[in-house]
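Chemist: Here are the chains, one letter per residue:
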Amino acid sequence: MLYDVIIIGAGVTGSAVARELSRYKLNVCVLEKEEDVCCGTSKANSAIVHAGFDAAPGSLMARFNVRGNEMMGDLAKDLDIPFKRNGAMVVCIHESEKDGLQDLYDRGIANGVKELKILNREECLEMEPNLSDKVVAALYAPTSGIICPFMLNIAMAENANVNGVDFFFNTKVEKLTPDTCKKCGQPIWKIRTNNGEYKTRYVINAAGVYADYFHNMVSEKKIHITPRRGDYCLLDKTVGNHVSHTIFPQPTKLGKGVLVSPTIHGNLIVGPTAVDIENKEGNNTTAAGIADLIAKAGDHVRNLPIRQVITSFAGLRAHEDGHEFILGEVEDAPHFIDCAGIESPGLTSSPAIGEYIGQMMKEKMGLEEKEDWIGTRKGILNPADLSIEERNELIKKNPAYGRIICRCESVTEGEIIDAIHRPLGARSLDGVKRRTRAGMGRCQAGFCSPRTMEIINRELGLPFTEITKSGGDSKLVIERTKGVEA
Amino acid sequence: MTSYDIVIVGGGPAGLAAAVSAKKAGTDSILIIERDKELGGILNQCIHNGFGLHTFKEELTGPEYAYRFIQQVYDLGIEYKLDTMVMDISTEKVVTAMNRTDGMFQIKAGAVILAMGCRERPRGALNIPGYRPAGIYSAGTAQRLVNMEGYMPGREVVILGSGDIGLIMARRMTFEGAIVKVVAELMPFSGGLKRNIVQCLDDYGIPLKLSHTVVDIEGKERVSAVTIAEVGPDMKPIPGTEERYTCDTLLLSTGLIPENELSRNAGVSINPVTNGPVVNEILETSIPGVFACGNVLHVHDLVDYVSEEATRAGENAAKYVQNGCKDQDGGKIIQLKATDGARYTVPCTINPERMDDLLTVRFRVGAVFKDSYVSVYFDDERVMHKKKRIMAPGEMEQVILQKKKIDEKPDLKTITIKIEAE
Amino acid sequence: MEKRNLTCIGCPMGCQITVEFEGEEVFSVTGNTCAIGDKYARQEVTHPERTVTSTVVVVGGAKERTSVKTNANIPKDKIFQCMEEINQVRAQAPLKIGDVVIKGVCGTDVDVVVTKNCEIA
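Protein chains in written order, with this note's numbering: chain A, 1 to 486; chain B, 487 to 908; chain C, 909 to 1029.
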């Protein structure tokens, strides 16, 4: 079968593009080397919907950031994604660096960021009593927000899938070969994977830190992407209100610096560091990284309750040498379209990138919209939002909603079953975790993992010894005791 | 709304003993709420022996010890609900709970006994660097998988932390055919019992490395190696002391935390040292009629002491409801303080009018003390001075206060427990 | 003459005890600070014994495993032999605390008994 479009990568960019393309009468599929969507850069980042004052005016980053931010409110509503505009503050703690705030303000205005304001020390402390004593001023951006990055990615992918886009997981692209369609004479691509060969008219390269690898496979105009590792600490919900806005230091060459922010789910996030590495899979945390993080975060926020850390993790940003998004058809590789260098503000920009690529493909291919496209999606029901009466009604209909599996995040069996059986459902512990938050809380799955494994075992008929943390060889148990066959 | 005289949150050793004693003290309307599918709590997975020497004068396994109490709960006809999660306890003692058959329901309780136990400190709280693959378990989760579900988490094991569960699991995994390569302990001493170090590690030639911690975890999908290093007096790893162990499993046994989410939401004051409620001489928290016992109050070393403490909590709760749930405050309050090596005391305050003739005050020390004295001061006057050959953080200590002695000092404000060299 | 170093398990002191012995005969016990240590050391070098606890496979039960123990100590050098026998057990539910699943394990007069009830599925 010849696909019209194959997207490499089911991260937030690939999924956003998939959703936009699902509007049209097209055969589209997504090839993903991991077992689930949202397994790379998209799963480990600051989860901020940036306002857009950082990027250089005129850059693609600036344009897509501002547009993505604009789109996020409606998108979150349509796709039932937890999102809140909590506002961001870029905090200046040295009188001598105040000019930098003004520059940032001017840049924001040039980029089209709305409602920006420079606050004096008193205004800052009134809004955020836990800011450092040294604060002299801040740039305030009310349009900045916090979002669940997993849900954004998952929701767009689910919605694309419901509208006909195929997703093939555990499918690693090995080779791209240009070819010509025997019928129409147009360029096509043959894609060799570990799971057989795919053919397509167009390839969209949304491969995150691997985007240079695929680009360079087909083009003489090489690009280079550096995995830029960022360590994070996630703190307990009891201290989630230590600050209510997203607090940034003033930006440097290496990025926006270490932020302190509430998350959409009520934790406090601190990070990231920025270390350029070689290994595209090197998302390990380091002692030095975490120490650096803790030292830096204390500069702008006082009494940071860092002892309340519940987990630390690292993510890799896909940093392209020119620090700019690369979007569009590759000159010397017809029908090969890059979405490369998607680093921060990539999460924010993803819906806008999807919109742009969708529009571009529409024009290129002369696409027709489907009449029956469904633009909305209902997320996994959160029983905590219901009244006791509504909840009991639900439990009567489906008793699984009466059984708590994850005590820390109060996740019921009903939610986990839904996560498993919905489109592009969860197959692993991490898949369940990203969809329901089971295991995301302060005990970090110590309590719920055996229980969640039981549910996966029952619902998917997967033996315990085949259940993984996150696909591949990440098996949770090795064998049965007493030499019994599993 | 249904109502019960006493609602007990948790059907583990503390909840069971509290229920039995409250019933025996004459209160009939009791409900135990347990989140698991059977009574007994964590004892069900503690299949090793060594429980009950104080209580039953014989060595029992965890499930046998639990069953002694479960049998009494059955015999006394005490009500209990299994597979039921308590979602909230209000200051007015309305308990909100949920299960598959009853849905979400509320109970008005005359008294509440908090008996939720404790949980293990996870990797995240330790900031252990490295990858985040499968194969990293808290020792207790591994214990549940091996002993109750019958699955082996791995074959080659490194253990961080020498708490008793970690030591017990070293032996259990060895029995089931795994190779335990090393146990690393951050502190210069083990928090586990000597007997466990000898019988779970030494017996099988498993090395215990004190003052060591994990500095790296390798393996993208499944753990493939763990590196440990020695730490200096500042608890920071010493460069050059790294040792790498290939393994597929890392077990963590690095401490237990009383599980007080419900207590905190109810407004119960928490002692930052124990992470458990502040309680008075009748094990009552800062909310009148809400009692606490067992590991939710402070982490115990022996289950026998949990049962003993819970028995008192049950009796006191029964007395409270039998007196018409009236706040019996009034009278003077003596503060209990722990200093100079003593970390905390349970209880934190004493009202002499309400105390029994003898009151056991439990505490832990913060370091290993040899040939030192446990001293008790009534304000500035030393009234007790008892030599102990050894005291260690892993073991609970106790002193027994006499009401008679306290009554002799009508102006007494503070009782201080401290460790003295002479 | 054999010399062995032991850690006493009598109390948290954990005295490092040195025992000199040959076969059944103990010549000296040093390093202990009390009588418990002396007694422990003599027993440990001549007749070391342990209780073994584990689980067995349950057939037709509400659970697939239940816990067991040796109802008395067995010689320490028979622990793994004992485990092998325990691993072979397929016990039919229902099972009650105290039910014997192995009579005279490893040729001793010690039985392996159930420590947790298991109902029929």
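What the hints contain is simulated information worked out from the structure, not anything from laboratory work.
For glycine and all other residues, C-beta sits at the position ideal for the given N, C-alpha and C.
Fair warning: there could be bad hints in the mix.
Claimed, not checked - Some chain A residues judged to face chain C by a derived CB distance under 10 Å, without partners named:
1. S59
2. K172
3. V484
As the list claims (entries may be wrong) - These stretches of chain C come out as covered by chain B in the derived footprint (C-beta under 8 Å, 3 or more residues):
4. 926-934
5. 953-967
6. 996-1004
Chemist: Let me know if the C-beta of A/V484 comes in closer than 10 Å to any C-beta of chain C, holds or violated.
Modeler: Hint holds; A/V484 Cβ to chain C Cβ min 6 Å, cut 10 Å.
Chemist: Examine the stretch 996-1004 of chain C for residues whose CB is less than 8 Å from any CB of chain B, and state whether their number is three or more.
Modeler: Contact hint for the stretch 996-1004 of chain C vs chain B: violated, 0 residues under 8 Å.
Chemist: Three or more residues of the stretch 953-967 of chain C near chain B by CB distance under 8 Å?
Modeler: Since three or more residues must qualify, the claim that chain B covers the stretch 953-967 of chain C holds, with 7 doing so at under 8 Å.
Chemist: Have a go at the A/K172 hint: is there a Cβ in chain C nearer than 10 Å to its own Cβ?
Modeler: The hint is violated - A/K172 has no Cβ within 10 Å of chain C, the shortest such distance being about 37 Å.
Chemist: Are there three or more residues in the stretch 926-934 of chain C whose C-beta lies within less than 8 Å of some C-beta in chain B?
Modeler: violated (count 0)
Chemist: Given A/S59 was flagged as interface, is its beta-carbon under 10 Å from a beta-carbon of chain C?
Modeler: violated, 60 Å
Checked against the numbered hints above, the structure breaks hints 1, 2, 4 and 6 and satisfies the rest.
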